[in-house]
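Enquirer: Using the sequences provided together with the hints, build the complete structure.
Order-wise, the sequence lines are chains D and C. Following the numbering used here, the numbering of the first sequence begins with 1 at its first residue and continues without gaps. Following the numbering used here, the numbering of the second sequence begins with 1001 at its first residue and continues without gaps.
In short, the hints are calculated from the structure, not lab data. Treat the numbers as computed from the prediction; the structure is a model and nothing was measured. A couple of the hints might just be wrong.
In silico lysine-lysine, DSSO-like type, Cα no more than 30 Å apart, as pairs [claimed, not checked]:
| # | chain 1 | residue 1 | chain 2 | residue 2 |
| --- | --- | --- | --- | --- |
| 1 | C | K1119 | C | K1168 |
| 2 | D | K18 | C | K1160 |
| 3 | D | K50 | C | K1160 |
| 4 | C | K1048 | C | K1119 |
| 5 | D | K82 | C | K1008 |
| 6 | C | K1160 | D | K82 |
| 7 | C | K1160 | C | K1119 |
| 8 | D | K18 | C | K1119 |
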Amino acid sequence: MSESGSWSPDGNRSSEPKLTCEEALARVYEYLDGELDASQHEGVRRHLQKCRRCYPYFDFERLFLDYIHELGAAEESRPGLKDRIREVLAAQPD
Amino acid sequence: MSIPAEQKRREFEGEALVHLDALYGLALRLSGGDAPRAEDLVQESVLKAYRAWDRFEAGTNCRAWLMTILRNTFINEFRRQKSRPSPVDFDEVSERPSSEGLYEADPEGRIFDHIIDDKVVAAIDELPAEFRVAVVLSDLEGLSYQEVADLMDIPVGTVKSRLFRARKRLQERLYEYAVEMGYVK
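Expert: Structure (structure tokens):
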């Protein structure tokens, strides 16, 4: 995707500097993780509204992160662990 | 006045030990699937919680309180050990061209509806510890970069780069798995 680095999809009249694809892609995880400040977030969001190259990639990464997050640290049972811990607790001084 | 020992034990068992499976699940992921280590971690954390039970505010989120104790217990040990060099050189990961393989093969991410969770859990467990812990804290537990950085005692920039490389590594493993099961070519 690096070949799209200098391509800016949004050449309109606004005086605000627009992100290139390379700049947007460099922020993909910070954007999806909610780690950008408001103006940086808005910059990426606006790039994605216009850019048909980056949007699908961001969407893919979002699905990936959602999947990992939903997987979570699932509950797991360990036979005998509860009994072992009860014994340890019972042996604690009052 | 402290509560009688028997009452304390009853209360603790009723409110805290019901979360044992959640604690063990987190311990297992943090320790990379090492069951005996995870078991020790849970026991140590539960014991700490029991000793601090007088300070737990009834009615607040007991599960979250216990998970925090377990995270901190793990991290203290992890930070003690971190001066040891990682046995795996992970620098190659970000350089490997296949890191975009999954996106190119399956841009709509349909694999995420089909993959078996155990395969992904195994891929997380296989990550070198520094990367695995960052992924577990951030992606599974939902902590911010700053929270992960504070816990792991590393700069926020290092958290970012570890997450980036770990996530690309996980995508590589998913890609390999997708090829194996004939889902993509």
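Enquirer: None of the hints should be skipped; say for each whether it holds.
Expert: Taking the hints in turn, this is what the structure says about them:
no.: 1; hint: C/K1119 to C/K1168; verdict: 15 Å, holds
no.: 2; hint: D/K18 to C/K1160; verdict: 23 Å, holds
no.: 3; hint: D/K50 to C/K1160; verdict: 26 Å, holds
no.: 4; hint: C/K1048 to C/K1119; verdict: 33 Å, violated
no.: 5; hint: D/K82 to C/K1008; verdict: 17 Å, holds
no.: 6; hint: C/K1160 to D/K82; verdict: 37 Å, violated
no.: 7; hint: C/K1160 to C/K1119; verdict: 24 Å, holds
no.: 8; hint: D/K18 to C/K1119; verdict: 40 Å, violated
Taken one by one, the earlier hints fail for this structure at numbers 4, 6, 8, listed in ascending order.
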